[in-house]
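S.K.: Protein chains in written order, with our numbering: chain W, 1178 to 1516; chain F, 44 to 370.
Don't take every hint at face value.
[As the list claims (entries may be wrong)] Output of the computed footprint for chain W on chain F, the stretches with three or more beta carbons under 8 Å from beta carbons of chain W:
hint : segment
1    : 165–176
2    : 229–235
3    : 248–256
4    : 293–301
[Claimed, not checked] For the chain W half of the interface with chain F, some residues (derived, Cβ under 10 Å), not all of them:
hint : residue
5    : Ser-1226
6    : Asp-1361
7    : Asp-1389
8    : Trp-1394
9    : Gly-1470
Don't read these hints as lab results, they were simulated from the structure.
Glycine included, every Cβ here is placed at the ideal spot set by N, Cα and C.
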Amino acid sequence: MRGPAEGPVLEARGLETTFRGRGGGTARAVDGVDLALGRSQIVALVGESGCGKTTLARTLLGLERPSRGQVLFDGRILDYASKPLKAYRRQVQLVLQDPTGSLNPRHSVYEAVAEGLRVHKVGGDEEALVARALSQAGLRPPERYFLRRPHELSGGQRQRVVIAGALVLQPEVLVADEPVSSLDASVRGEILALLLSLRQDLGLSVLVVTHDLGLAWNIADRIAVMYLGRIVETGPTEKVLRDPQHPYTQALLSVVPETRRLEQVVLRGEPPDPTRIPAGCRFHPRCPALASGVAAAARIADDCRSTPLAPLPATEEHAAACFLSGLGQGMLSPAVTDS
Amino acid sequence: MSLLRLEDLTVTYRTAEGAVPAVRGVSLELEAGTTLGVAGESGSGKSTLAATVLRLTPPTATVGGRVLLDGEDVLTMSFGRLRAVRWAAAAIVFQGALHSLNPLQRVGQQIAEPVLLHDADVTRRQADQRVRDLLGQVGLAGRLASAYPHQLSGGQKQRMMIAMALACRPRLLIADEPTTALDVMVQAQVLDLLTTLVRDLGLGLVLISHDLSVLGTTCERLAVMYAGRVVEEGPSADVLARARHPYTRALSAAFPTIGDAAARFAPRGLPGDPPWPGDLPPGCPFHPRCGEAVAACAGTDVRLRECGGAHRAACVHVGTRPVEVRA
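Generate coordinates for the entire structure from the input sequences, incorporating the hints supplied.
M.R.: Next up, the structure:
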């Protein structure tokens, strides 16, 4: 089942997801997000732990109810009544991080993959469907894997089983949370190549949640950088990673060990508390552009500290939620040179 | 005399399925004030190697060769001497350290424990002062000594583990995947800290990781392990830019250079998985996954060969082919 060809397949509009924090405060984990996943697109949602990226993914999957805003699938607002929600979850499948933890050690590969079919009471030839999903996930010939148990498989094979478990329901969208972070370095490339080929061969759309910018460079068409509940920069991967506009994206890039050409901007401290989101630009207490006087020189330092920034719209263009980028001087002092 | 010298180290585990050779003849050397990165994946033997330096391997392990710490063999020293050497001469920051703090005890007490145990003359007050100094050294506020682990972030816990390792002023620090569970920003902070400690305290540092780029930015020398052996070693710049072993090149390419057009939509990896140490392929254990394997590879177990300077690699192609220079 394919929806209308126009428009994104999955969309967040003004999405907010809050939790009651310890001591009665409210944690605004997702705090006003507009995000669109186009058909057959791979979008990387990147950010540090605690930035809200996993909560955003869970809200998009219908696993959390947003406190405000909507999730749209094929242009239709997600209905949280149990029947339509179950149908939705079949279309939008989660691929879990850490395949070792997410597979039941007592279940065979066949049972692990067939589980989704049974939960959703999918009719038809179960064995054929399981075999097709395994083979789409690169486990060929599939019959050879039917009776294996997780401990008999390598890390890469386990991750393929987890992916097959999602594919068996023939979804339109995969949401993959850190799909390679627990894998060996040499195996990682093969799993990323699998995600690319699923997009190519099955037309799947993939939202990859990760803190790994190299992964985004490897496979993502677009990237959305999240900080403290908001998307702070978004755009085509080449533009965002080669010419980052937001000081946060610039800092993140500068500490990736591969980007030795850049002068490191190591931010002090760790992501702040979603129960106490700073006024003005939420990044301002850690912003190197504000600390170094770049913002003051552009006469926007007061805005950074106190003027609320509107959320970035779900645009295909390159955009950054920063007072500096509006002035066309979003760069910190050391310029990023094209290689 | 080297701070640490491994001579033909072998470690074999006895298991229900037979003998599993985890380390199969590793020789390495580290001087005080220098850094050595050990790269490898699961089953490469890198964590066993770390544990063996302080004789922390389980009773099922048979260890051969020598581990010389300041010239003294750790494998043959008396248990009393070993207790003194652990913490005071060499300390390990283990993988998964984030979960190894006692959740019911304030972190300051946990750091003070080795201080008090190793020096009977130290008073409680002196130990507390030492804890505050240590926290300062790893860039944490002294007041965090009274925190419980759950009140700390991942980066703070990792710093606590490093502070604890430094408690008895060791000269050798071994860090096994110290940044694997951390975000890039926190990872950069921790790597900066380790570099600073080497410089300021003249420590020798062995940094173990599966991420070659992390090691390359932090360590002067690199050793790449595969199936229980070092397959390539040398100055970091040589190993990264002029890797001679196909496995090293694959490991390098696994984490792409952001901005490199060749890596766009072209993730690079290796077919297959790292071999199970109990069932290694014959000849060069890497040959089933190697894109450059020739007929000889299945039958020849190649040991390290010189490839110029201090750079060595265990590959049949070394010596038969000019050095390729990667752009």
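S.K.: Looking at the structure, which of the earlier hints fail to hold?
M.R.: 1, 9
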